[in-house]
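Whole structure, please, built from the sequences with the hints as guidance.
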Amino acid sequence: MKLHCPMPELDFDIITLGHGSGGLLTNKLLDSGVFHLFDNEYLQQRHDGAVLKLEGETAFTTDSFVISPIFFPDSNIGELAVNGTVNDLAMCGAIPQYLSLSFIIEEGLKMTEFWEILIGIKSAAEEANVQIVTGDTKVVEKGKGDKIFINTSGVGKIHKRAQISTHNVKAGDKIIVSDGIATHGVAIMSVREGLEFETAVKSDTRGLNHMVTELLDEFGEDIHVLKDPTRGGVATVLNEIARDRNLGIEISQKQLPIQNEVSALCEILGLDPLYVANEGIFIAVVDVQISEEVVTKLQRMDYGTNASIIGEVTESHPRQVVLTSSIGGKRIVNMLVGEQLPRIC
Amino acid sequence: MKFLSEYRDADLAKKYLDEIHATVTQPWNIMEVCGGQTHSLVKNGIMDLLPKEVQMIHGPGCPVCVTPLHLIDKAIYLAEDENVILCSFGDMLRVPGSEKSLLQAKAAGADVRILYSPLEAVQIANDNPNKEVVFFAVGFETTAPANALSVDKAHDLGLTNFSILASQVLVPPAMEAVIEDEESKIDAFLAAGHVCTIMGMDEYYPLVTRYKIPMVVTGFEPVDLLQGILLTIQQLEKGEAILENQYSRVVKPEGNHKAQELLRKIFTISDREWRGIGTIPVSGLEVRPEYASFDANLKFNINIKKVEEPKECIAGLVLKGIKKPMECSQFGKKCTPQNPMGAPMVSSEGACAAYYHFSGAAETIV
Chain C
14 MKLHCPMPEL DFDIITLGHG SGGLLTNKLL DSGVFHLFDN EYLQQRHDGA VLKLEGETAF
74 TTDSFVISPI FFPDSNIGEL AVNGTVNDLA MCGAIPQYLS LSFIIEEGLK MTEFWEILIG
134 IKSAAEEANV QIVTGDTKVV EKGKGDKIFI NTSGVGKIHK RAQISTHNVK AGDKIIVSDG
194 IATHGVAIMS VREGLEFETA VKSDTRGLNH MVTELLDEFG EDIHVLKDPT RGGVATVLNE
254 IARDRNLGIE ISQKQLPIQN EVSALCEILG LDPLYVANEG IFIAVVDVQI SEEVVTKLQR
314 MDYGTNASII GEVTESHPRQ VVLTSSIGGK RIVNMLVGEQ LPRIC
Chain W
11 MKFLSEYRDA DLAKKYLDEI HATVTQPWNI MEVCGGQTHS LVKNGIMDLL PKEVQMIHGP
71 GCPVCVTPLH LIDKAIYLAE DENVILCSFG DMLRVPGSEK SLLQAKAAGA DVRILYSPLE
131 AVQIANDNPN KEVVFFAVGF ETTAPANALS VDKAHDLGLT NFSILASQVL VPPAMEAVIE
191 DEESKIDAFL AAGHVCTIMG MDEYYPLVTR YKIPMVVTGF EPVDLLQGIL LTIQQLEKGE
251 AILENQYSRV VKPEGNHKAQ ELLRKIFTIS DREWRGIGTI PVSGLEVRPE YASFDANLKF
311 NINIKKVEEP KECIAGLVLK GIKKPMECSQ FGKKCTPQNP MGAPMVSSEG ACAAYYHFSG
371 AAETIV
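Here the protein sequences line up with chains C and W, keeping their order.
Mapped onto the numbering used here, the consecutive letters of the first sequence carry residue numbers 14 to 358.
Mapped onto the numbering used here, the consecutive letters of the second sequence carry residue numbers 11 to 376.
Worth flagging that the hints you see were computed from the coordinates, not collected in a lab.
Honestly, I wouldn't trust all of these hints.
Label pairs and their computed distance ranges (CB to CB) [to be verified]:
no.: 1; chain 1: W; residue 1: Q340; chain 2: C; residue 2: F25; range: 53 to 61 Å
no.: 2; chain 1: C; residue 1: D159; chain 2: W; residue 2: P139; range: 18 to 26 Å
no.: 3; chain 1: C; residue 1: F25; chain 2: W; residue 2: A117; range: 35 to 43 Å
no.: 4; chain 1: C; residue 1: Q176; chain 2: W; residue 2: E109; range: 46 to 54 Å
no.: 5; chain 1: W; residue 1: E190; chain 2: C; residue 2: T179; range: 35 to 43 Å
no.: 6; chain 1: W; residue 1: P139; chain 2: C; residue 2: P19; range: 52 to 60 Å
Cβ atoms here follow ideal geometry from the backbone N, Cα and C, with glycine treated the same way.
Structure representation (structure tokens):
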């Protein structure tokens with residue numbers, strides 16, 4: 014997060030129920046800087062909703078963010094809430110344009126914390142080149158939330174060369190992962206209560222839309238599917254693709270990019286990195302003809318230095334994802350059941 | 011990653027595999043005792059790479075799997091007490107009790123916390139003087155020292171609101187019970203590397219001598235397991251039965267004296283019930299009478315009925331290595347990780363779950 018904006022002088026330092034009442038205090042909260050931070054022609058209308066001019070095919074998505082802790086190494090829930098929706102739009106082959114932003118705040122949240130979250134939102138929105146055009150704030154009683162929940166919805170115009178659909182996936186297609194896996198999930202685990210790792214792992218939350226646009230500009234319909242492996246991780250996304258298309262997927266453990274620190278923490282915590290959440294990478298299923306070029310292009314981008322072809326789509330073992338282990342053994346990579354629970358020993 | 015990648019090296023693994031193939035002349039059944047080893051065998055696809063003569067039999071070394079049903083019911087009973095914070099390692103939460111799991115109790119409002127260290131529970135007790143904090147102390151010799159440390163620390167702090175619900179079991183008596191079982195067909199053991207890190211190797215010599223059964227203390231990485239398997243096969247083919255240490259980078263023959271002292275200070279050896287297997291003499295660790303106030307079993311009046319295991323579940327036979335998970339009529343049908351009938355389908359170290367997740371059983375059955 015690069016932005017630094019000093020918080021304005023305020024006559025309140027925590028958010029209370031009144032700030033969500035819709036009355037004077039709500040206005041005070043919004044005027045304290047929210048409007049100013051995200052200023053644009055749509056917000057200036059101060060209307061019940063934003064009136065937008067959309068052209069052509071448009072993608073529309075929504076996502077809620079309930080992460081704990083709300084601050085984690087190098088980022089926070091605000092930045093995550095923008096990037097999450099931006100990336101969902103990008104995965105549809107869209108160029109994200111407008112976002113809505115809703116807060117459910119548990120009373121008692123410090124204004125300094127709220128401000129830091131707002132800065133995270135502004136920073137991510139600027140980087141992704143999207144505008145926050147409408148929003149809402151509710152405050153719930155202490156104990157009825159977890160500091161702050163954020164919902165963002167977004168719309169974006171479909172890229173003119175995009176033809177993203179699982180139906181386009183065919184045997185022989187290559188599977189590319191855009192950067193190191195499991196980074197976000199491990200960064201969050203490393204700061205959860207009770208785990209005191211002195212780790213350098215930072216969340217990888219970031220907008221992927223510019224990368225996707227560049228790929229679509231050059232490779233268009235040869236990019237068959239884009240998915241961001243958030244909850245459930247890479248394994249879940251690959252299983253979804255295999256099941257949707259009734260095709261098999263083969264991946265190689267050796268080709269999976271993963272930072273050393275991330276891999277080490279996964280070992281200590283007993284987590285399988287294939288199931289750990291990501292917020293700053295995507296999986297692309299592409300035509301074999303362009304696969305090497307795509308990887309080379311990604312590796313030249315800031316967020317794609319570790320891009321790698323991790324496997325391919327096959328007609329054998331339909332609906333199954335098979336991994337070749339580092340020593341050459343094979344195993345099935347299944348869907349995750351429930352959440353990954355830390356092991357005893 | 012240094013100290014790990016070497017033990018996942020494809021060339022080294024191939025070298026051991028080639029040697030195993032060259033050495034073996036007849037069928038052998040080798041039991042890997044520890045659930046961590048089972049997990050690694052399946053996760054790395056090792057069993058498919060072994061010669062067909064070598065059958066790996068999965069042992070009882072999964073702490074989650076052998077914790078008796080009524081103890082899980084006790085933990086749930088305590089967790090549902092408004093005054094109790096129940097702390098547990100993560101993989102105990104999904105294990106089915108007779109009516110529900112700790113995870114279901116948590117969802118219904120019980121204060122159940124997942125911890126990585128028993129010492130965190132002591133901290134929670136210290137921070138919440140008005141609550142009773144109970145740690146569900148499950149595990150083998152590997153985790154027992156940390157459980158002992160939590161009692162020792164709580165004692166030193168003078169805490170009166172901390173106790174442990176102990177289900178701690180010992181490996182050598184269970185190995186003996188497995189050998190003694192009439193249906194047993196085990197020719198050799200891969201002993202559990204991390205248990206030996208604590209306890210050393212001394213207690214395994216009598217087993218090797220008495221039953222003339224080869225035993226190799228083995229680690230958990232693919233190259234460790236392959237080397238351990240090779241060493242046992244070399245013994246078997248030569249007709250030898252000795253105790254060897256494959257995992258010497260971690261296991262010292264004498265073990266960890268400090269940890270052993272702590273175990274003796276806090277715990278005493280007792281008979282113990284193993285889920286699916288039954289009571290095994292001198293196979294458990296209980297809180298010593300001097301520390302009775304830290305024993306949740308004595309501290310709370312836990313009034314629950316003892317319920318029988320579901321009859322269709324063959325967890326006991328799986329834990330003793332007599333049946334493979336796939337031989338169970340309920341495997342992948344009525345019993346899945348989403349809806350487990352027995353504990354081996356829950357824990358990542360449980361043989362049933364390992365087969366379900368990594369062998370394609372899920373897809374072939376659905």
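Note to self: Under the constraints set out in the numbered hints, which ones does this structure not fulfil?
What the structure shows: 5, 6
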